[in-house]
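Residues per chain are reported as follows:
2 protein chains.
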Amino acid sequence: MKKTYLILLAIFISCVTIAQKQDSLHIRKVFDIALTEGHAYENLRSLCKDVGARLSGSPEADKAVQWAKELLESYEFDTVWLMPVKVPHWVRGTIEEAGVNGKAMNIKTLGGSVSSNGKIEAEIIEVQDFKELKDLGEEKVKGKIVFFNRPMQKALINTGEAYGGCVNQRWAGASQASLYGAVGVFVRSMSDHKDKHAHTGSMGYDEGVKKIPSVALSIEDADMLSALLQSNPNAKGYLNVNSETLPDKVSYNVIAEIRGNVEADKIITFGGHLDSWDVGEGAHDDGAGVVHSIEALRIIKATGYQPRYTLRCVLFMNEENGNNGGKTYAAVAKEKGEVHVAALESDAGGFVPRGFTIDGNNEQLKQMQAWEYLLEPYNLHIFKKGWGGVDIGPLKEQLVPLIGLRPDGQRYFDHHHSDTDVFENVHKRELELGAASFAAMIFLVDKYGLGHTLEIQPIVD
Amino acid sequence: MKKTYLILLAIFISCVTIAQKQDSLHIRKVFDIALTEGHAYENLRSLCKDVGARLSGSPEADKAVQWAKELLESYEFDTVWLMPVKVPHWVRGTIEEAGVNGKAMNIKTLGGSVSSNGKIEAEIIEVQDFKELKDLGEEKVKGKIVFFNRPMQKALINTGEAYGGCVNQRWAGASQASLYGAVGVFVRSMSDHKDKHAHTGSMGYDEGVKKIPSVALSIEDADMLSALLQSNPNAKGYLNVNSETLPDKVSYNVIAEIRGNVEADKIITFGGHLDSWDVGEGAHDDGAGVVHSIEALRIIKATGYQPRYTLRCVLFMNEENGNNGGKTYAAVAKEKGEVHVAALESDAGGFVPRGFTIDGNNEQLKQMQAWEYLLEPYNLHIFKKGWGGVDIGPLKEQLVPLIGLRPDGQRYFDHHHSDTDVFENVHKRELELGAASFAAMIFLVDKYGLGHTLEIQPIVD
Chain Y
6 MKKTYLILLA IFISCVTIAQ KQDSLHIRKV FDIALTEGHA YENLRSLCKD
56 VGARLSGSPE ADKAVQWAKE LLESYEFDTV WLMPVKVPHW VRGTIEEAGV
106 NGKAMNIKTL GGSVSSNGKI EAEIIEVQDF KELKDLGEEK VKGKIVFFNR
156 PMQKALINTG EAYGGCVNQR WAGASQASLY GAVGVFVRSM SDHKDKHAHT
206 GSMGYDEGVK KIPSVALSIE DADMLSALLQ SNPNAKGYLN VNSETLPDKV
256 SYNVIAEIRG NVEADKIITF GGHLDSWDVG EGAHDDGAGV VHSIEALRII
306 KATGYQPRYT LRCVLFMNEE NGNNGGKTYA AVAKEKGEVH VAALESDAGG
356 FVPRGFTIDG NNEQLKQMQA WEYLLEPYNL HIFKKGWGGV DIGPLKEQLV
406 PLIGLRPDGQ RYFDHHHSDT DVFENVHKRE LELGAASFAA MIFLVDKYGL
456 GHTLEIQPIV D
Chain L
6 MKKTYLILLA IFISCVTIAQ KQDSLHIRKV FDIALTEGHA YENLRSLCKD
56 VGARLSGSPE ADKAVQWAKE LLESYEFDTV WLMPVKVPHW VRGTIEEAGV
106 NGKAMNIKTL GGSVSSNGKI EAEIIEVQDF KELKDLGEEK VKGKIVFFNR
156 PMQKALINTG EAYGGCVNQR WAGASQASLY GAVGVFVRSM SDHKDKHAHT
206 GSMGYDEGVK KIPSVALSIE DADMLSALLQ SNPNAKGYLN VNSETLPDKV
256 SYNVIAEIRG NVEADKIITF GGHLDSWDVG EGAHDDGAGV VHSIEALRII
306 KATGYQPRYT LRCVLFMNEE NGNNGGKTYA AVAKEKGEVH VAALESDAGG
356 FVPRGFTIDG NNEQLKQMQA WEYLLEPYNL HIFKKGWGGV DIGPLKEQLV
406 PLIGLRPDGQ RYFDHHHSDT DVFENVHKRE LELGAASFAA MIFLVDKYGL
456 GHTLEIQPIV D
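Read top to bottom, the protein sequences are chains Y and L. Numbers 6 to 466, taken from our numbering, label the letters of the first sequence in order. Numbers 6 to 466, taken from our numbering, label the letters of the second sequence in order.
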């Protein structure tokens, strides 16, 4: 009896060892393909240079949809299709000027901002946050341009956290300032990199407030303005932008699939967003995520792996100013009764990958952590709870575990939403390692599932 | 009795918890200073722009010694002094030309190479390694320029390993080719980055061989040449360099100390190398290590921490072509009977830090790994055996545990020894995080020692 037990144990251990060895070899193959015959870098070059910046509603966004569809079709996946998405259509104006005491500053109108309807001239009042604004009140604010100047906290190691700590100025600054009679808003760019490039991004207006224009200043100009206001509190600012919001348009999520071999009706979705801001080339945000996702599906196919579940690469439209692609995707999935094993996103740049975060339960976390030994040889060390991604976020309601690829974030906000988010600022190997890491994680999720909702039962590849 | 035991246990656990909490707060302080009031970036700017490239023996190396001494003195450490080091004095020529079929290529003469004594013209024979060279033999090689073109292996995750896999072509290619009667050597640059910049580096001649000149080709030119030789095996190469080796000179290791509070006669040495190649600005190699080391000592002082051991920052001279600074340092330490607790080095660039490797015994490794929980919040994950550093290497004979800072290596060889190793290619926060990580490790080594040769006994800071 004891002998039988020992034999069974030995067989079990052998099976596990063989499976681990197979996994290890398979992941090595994934990285080999990405690093020695990768397409990610050339695809990113093409997206950045042949298409360029691609804000929802723009002709370039239409071109990006076509670009992605044709590229995915060229790889001969099982299916490629377009999912219609209604998107907003905001357009940066032909006029974009602001300054102080007659001296021009480098600015970008924030996405969603109204036109200034001609040149506004007014005194400028600097505040660090909404509390300070409120304390100043209408008496001090009325008729002025409010300058939100709270910087990203340098001491935070996680730059995303530093961004989160000041982005409310960009999103809600205009609505808040408008409450007290301000006529316009200057916002310090959401960046920790001192240069001349202003960083755009989305903003919105609360219901019922008077809409006033809002623009981002470059970090150099924000520092200059703050210093100037110290010595000259009555300095006169000006602001002239003629951005506008046109009627909504129809655009598309671009989707490609490899059908599952065992449970084709269950889906692993992974993607990035195809739209970008209308400045730079959307290289890190989120050209990198787009080519990571395409490359992951291409590599998985190239390895000859037969997926258990259906692997679905989704290039979402409109993450930047509405997330209508993500919302539509989740709504369609719900309507069709689709079952998602997991959703993964790459939307944090094309930098060297550090690991993954999971927005899921403890069991799912534990399952992801069980793969650490397979990924540590590729310098992937972060396996913890955290952010999935904006596009896949709406799937959370359907209890889908969400996984985010975590590239190193130190340089991300140097370029984010600015003229410098271009192909030249993406490093080939860093991008390729991201694609391989993404592919490796998709492979593991497919092979083993994610925690208790699914069997943890390796299938032979 | 049992009660007494439990009370003692509770006291012990409390003490350990308090010490851990103190360590955690202290390390947070180190990172705060580096990121919010750091000097590393400005110091690196000054070293790169006010001093520039600084090959051993050059006037710029003299200037660097002066620069470092004055900077260290300005921080008012306990002692600053210069340790004389005899260094070689190789000088790149005023003529540096090579090409094929009359078309110029981008080259750098390798450090140590002899002059070509006028223009050499000869057919070119491409080989991948010394075995292939030997198989061709004198018959095929004599009178020709040998072109060593084995690339860095892209599939290797560790770029240092990829470098190690082909650097023998650079170091020994000329001696090997000379054995079979070659008249000159072209070497593919030790880089994986396709651009027009050739990468220099050290080479040497075996005793007795006829010395022939050796130059590095840019990756673009190496690929071009290889393709050309496919279609035109008789293509004619040319080579004209007039580099020379002058008599040895005296230079210096620049050293600063904070004296230990408990055991001042035991030393923790940490540093980088002050010399660089004579191209670019030696920003990553090893300006970063220089400013990491200075900043680490400055930060440790700024935190008010009283070190147990003497903390010694050593800016070594002549790592690039001789390592005479490292050898002299170890010889002097031996002669004086100095006891080193550990030696640490930063010589892998100013990129985002990933952790540390230790060249020591298992107990020392275990001790270093015990601190991982304190450093993981700063995204430091690598704590394993490995390389210490070239400069500290000669201390190994004295059984000193050697620790190397491990920044991310993906971009390192893009710039290494080339015109692009300039200040602009170093990222402020990445550099600062490196300095803080280095300081944190020095603090921990000082507070707890490293394994069995020393007591593991926290002292209150």
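Hint data in this document are derived by calculation from the structure and do not stem from the laboratory. Small disclaimer: the values here were computed from a predicted structure and weren't measured. Some hints could be false.
Treat identical chains as interchangeable: a pair holds within one or across any two.
What the hints assert, rightly or not - In the BS3-like style, the derived pairs of lysine-lysine whose C-alpha atoms are separated by at most 30 Å in a straight line are:
{"hint": "1", "residue 1": "Lys241", "residue 2": "Lys145"}
{"hint": "2", "residue 1": "Lys371", "residue 2": "Lys26"}
{"hint": "3", "residue 1": "Lys199", "residue 2": "Lys306"}
{"hint": "4", "residue 1": "Lys147", "residue 2": "Lys401"}
Taking the hints in turn, this is what the structure says about them:
Taking the shortest Cα distances, Lys241 and Lys145 sit within 30 Å of each other inside one copy (15 Å), while across copies they are farther apart (79 Å). Within a single copy, Lys371 and Lys26 get their C-alpha atoms as close as 20 Å, and across copies as close as 27 Å, so both meet the 30 Å cut-off. In this assembly of identical chains, the alpha carbons of Lys199 and Lys306 lie at most 30 Å apart only when taken from different copies (28 Å versus 43 Å within one copy). Neither within a single protomer nor between protomers do Lys147 and Lys401 lie at most 30 Å apart by alpha-carbon distance, with minima of 42 Å and 70 Å respectively.
Hint 4 alone, counting from the list given before, is not met by this structure.
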